[in-house]
Amino acid sequence: MAQARIVTHVRRINAAISIIDIQGDLASSAENVLMDAYAEGSTPTTRVILLNFTQLAYMNSSGIGLLVTLLIRVNRQKQHLLCYGLSEHYRHIFRLTRLDDAIRIYNTEGDALAAANKL
Amino acid sequence: MKQTITSPSNDTSDGGVRKSEKGTRKSMERYRQRSGAKKGLGLQVRMTFSYLGMTVVIVLLSELLIVLAIFTALTQSAALDKVALTTTRHTAQVYALEAGVQASGATLDARTTFQPGRPASIALPGGGVFQGGDPTIVIPYIDTQVPYIAPHQPPPKLLWFALLIAPNGQVLASSWPERYPASTLFTGKLTDKQQVQLVQNALAGKDGSMVATISQASYALAAEPVLSREKHVIGAIYVQVPVPSNQGIFQVFEGGWIFSGLAWLFIITPVGVFFGLMTTRGLVRRVHRLVKATAQFATGDYTQRVAVSRRDEIGQLELQFNQMAEQLVESIARQQALTEQNARMEERGRIEQELRTAQYIQQSLLPKEVPQLTEWRVATYYHPAREVGGDFYDFHPFEDGRLGVVIGDATDKGVSAALLMATTCTMLRTAAQRATSPREVLTQVNDLLYANIPSGMFATCFYAILDPESGRLHYANAGHEWPYRRYSEGVSELQATGMPLGMMPGTRYDEQEVTLAPGESLLLYSDGLVEAHNAQRDMFDLPRLKTLIGAHPGGIGLIDSLLKDLTTFAGENWEQEDDVTLIALQRAPAFPAQDPQEEDDLRLLSEWAIPSAPDNERQAVEQVAAIAQSLQLSGERLESFKTAVGEATMNAMEHGNHYQPDKPVVLQVLASQKAIAVRIRDQGERELIIEPDIPDLQAKLAGQQAPRGWGLFLIKNLVDELHVTNEAHTHTVEMIMYREETPAEG
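Each protein sequence line maps, in turn, to chains U and R.
Counting in our numbering, the first sequence runs from 216 upward without gaps.
Counting in our numbering, the second sequence runs from 242 upward without gaps.
Rather than coming from a laboratory, the hints here were simulated on the basis of the structure.
In this text, all values refer to a predicted model and were calculated from it rather than measured experimentally.
Be aware that one or more of the hints could be misleading.
What the hints assert, rightly or not - Label pairs and their calculated CB-CB ranges:
1) R/Gln736 - U/Arg306: 30 to 40 Å
2) U/Arg291 - R/Ala758: 51 to 61 Å
3) U/Arg306 - R/His896: 25 to 35 Å
4) U/Thr260 - R/Gly944: 21 to 31 Å
5) R/Gly791 - U/Glu303: 35 to 45 Å
6) U/Ala272 - R/Glu571: 40 to 50 Å
7) U/Ala272 - R/Glu734: 28 to 38 Å
8) U/Asn229 - R/Gly791: 55 to 65 Å
9) U/Arg288 - R/Thr808: 51 to 61 Å
10) U/Thr260 - R/His970: 27 to 37 Å
As the list claims (entries may be wrong) - Some chain U residues well away from chain R (every beta-carbon gap over 10 Å; in silico):
11) Val283
12) Gly325
13) Lys333
Beta carbons are placed, not taken as given, at the ideal position from N, Cα and C, and that holds for glycine.
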């Protein structure tokens, strides 16, 4: 596997909400990094995982596959997966793939957190 | 930027150390003068006198103590009486014995007298009591010397005398004839009864002695009978010796004491002096050494040390002196090192500041922005190896719309190269304003430089004048690297010959011409790129550069691509050896179809290959994007096209070539008036990948489909047309994107 060109950072907003900041490329090489970040951000009390895409540089179909994998794990934990900071092009990709149905898209972190608190 | 340069004469860093040393020496000198440092000889003399004085005092005190002890003993006890009595008795016995010996027969011989002037004798003087006596007969006394007191002679202080008495009581001889004359009866002269009794007893044959007080004075009295050979009493000896009083004892010993005291003084003085000198010699010598070493130290000789010979107080002082000297030397050395370090840092700071200034000036000579030409794209890269360098590049816009393009390299590195670079740049700009061709420009600058720079210095230079409208490029070269032209069929060099600028006056420069067609690119570079070495000392070299250019579709993206290749070749820790300068020019690809019937025909614009490796599809995306942008494809359509290219390239690398680096993916970019197309060809032999038209997310979430498998779906949905072709040993995907969005069909 090629060297991952992704960097993640996990923030626990509170017991129920965690944010995963994603910086770089979301491709097949990012699998371990992304899953490790989810493992770090997901606690027994976590109900919502937010994906911060404001610093996403590139995403291909493998990256979309990783998001699907992440969704499977999130659903298994009966958690919600939200995201924000997605460019217009990748929102288009999300629409094409119907990922926007499974991963709600928000414009800002504040909007995403507000929605998360209601869940 | 104004620079303040500190001249060496103003620099007090080193002077500060010297000042410190001088100050130390001066203060020590002043202290020495104030304290009146005395010479060792004075110390020795004083110490010797001290020893002498102590010795004399001790001796005298000892003598006094002894005298006092004896005096006390004698005066406080009866020993003195006993000594006097014993002495007196003994004297009387001796006199009696001698008188008896001298007596002839039974009577005392008249010759037995007290010899005048000889107290030891009891021989009478001539003309004494016994007439006819032999005055020459002298009987020496033993033990005690009763002085003979001659008539009219002042009596001694201690009045002791001896009498020779006949049996009839007549004084036969007297040691004090004036007081006790001969021929007188002893009873008339000896007034004390005890005296008389003793004599009478002695005449009776009984000796006796006693201490009696007569006239308030103590005397030791002794009387001895004088016996004949037949042991008959023939007379008596009477001796009277005063028992010394305190004053008397003192009077007795006074002279002796004085004499002995003076004697001791005369004896002890040289001994004391000798002892003092010998004792103090070593001590004073050591002090000498310390004084000398200190004085040397004060003059700046810090090598002085003293030998530590003993572990006494002077030895500790010597040791501490040495330690102090070492510490002082270390302190001075540290201070000096610190001062030197500060000076070096100051100097380095000054040099760095000057270099920054030079860098700023050099940067100001370089173009602030790339020229904006219609149908042309220009990109540059400039990175000196040090703060300043010898590479240069420039653009000279002409009034008629042409553009002069310059790239060059001044000899050497650093400041000298920067100065030559500045000079050459200025000359080129000036020459470009007057000259009409690259040859003329180089010819003028060559002669000017030769006349104005030191021999051995020169600059390479490639000068070209571009006509943007026609694409014609006239160029001449002064020893610089030949630029590369990237065109659809491959890569070629723009060759032209000529000596570097400033090397030889009157150099003739070849001038050549080439026309750059739409889509073609030009790369000008300096030797810092091709002469870069990796850790194994392999050189980047021209063949590698040519291959890389050929593998690239061309355009301004070529610079980034080459820099990435350079980093890959040289490694992350590459230490740049020489300045690197790159200029990339590309004539925008034109939609070649002029005939309306051919406007939909796709014409090949560029073709290149990319090794099959994970993440290499990014490279394809960027390269295609650059071309697509130049063809005015933008916005979401451009992004969609890029994503589609990336997915198709990744598909080709992964599924077609199985990520085998020796099986590259070939990309072609084609364009027509209406559309842009990318063909991606891999070497896989496979059927068309069957994917669901619409991947089912829910099925994937339910685990009924693999999470992946979105590639072809995305391609189909992101481009306007998708064509897949299988040929012998190749698999080609063609994606077409119209420049304008077409209404959805149906």
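These are the hints, each one checked on the structure:
Our hint of 30 to 40 Å for R/Gln736 and U/Arg306 is violated, since their Cβ atoms are close to 52 Å apart. One distance hint, 51 to 61 Å for the beta-carbon pair U/Arg291 and R/Ala758, holds here, with the actual separation near 59 Å. Roughly 28 Å separates the CB atoms of U/Arg306 and R/His896, a value that falls within the hinted 25 to 35 Å. At about 26 Å, the CB distance of U/Thr260 to R/Gly944 agrees with the hint of 21 to 31 Å.
At about 37 Å, the beta-carbon gap between R/Gly791 and U/Glu303 stays in the expected band of 35 to 45 Å. Between U/Ala272 and R/Glu571 the C-beta distance comes to about 59 Å, which lies outside the given range of 40 to 50 Å. Between U/Ala272 and R/Glu734 the CB atoms are about 37 Å apart, so this pair conforms to the stated range of 28 to 38 Å. A hinted range of 55 to 65 Å for the beta carbons of U/Asn229 and R/Gly791 is consistent with their spacing of about 57 Å.
As the Cβ distance of U/Arg288 to R/Thr808 is approximately 37 Å, the hint placing it in 51 to 61 Å is violated. At about 57 Å, the beta-carbon gap between U/Thr260 and R/His970 misses the expected band of 27 to 37 Å. Not every CB of chain R lies more than 10 Å from the CB of U/Val283, the least distance being 4 Å, so the non-interface label is violated. Every CB of chain R is more than 10 Å from the CB of U/Gly325 (nearest about 26 Å), matching its label as outside the interface.
With a least beta-carbon separation of about 23 Å from chain R, U/Lys333 lies farther than 10 Å from that chain, consistent with its non-interface assignment.
Checked against the numbered hints above, the structure violates hints 1, 6, 9, 10, 11; every other hint is satisfied.
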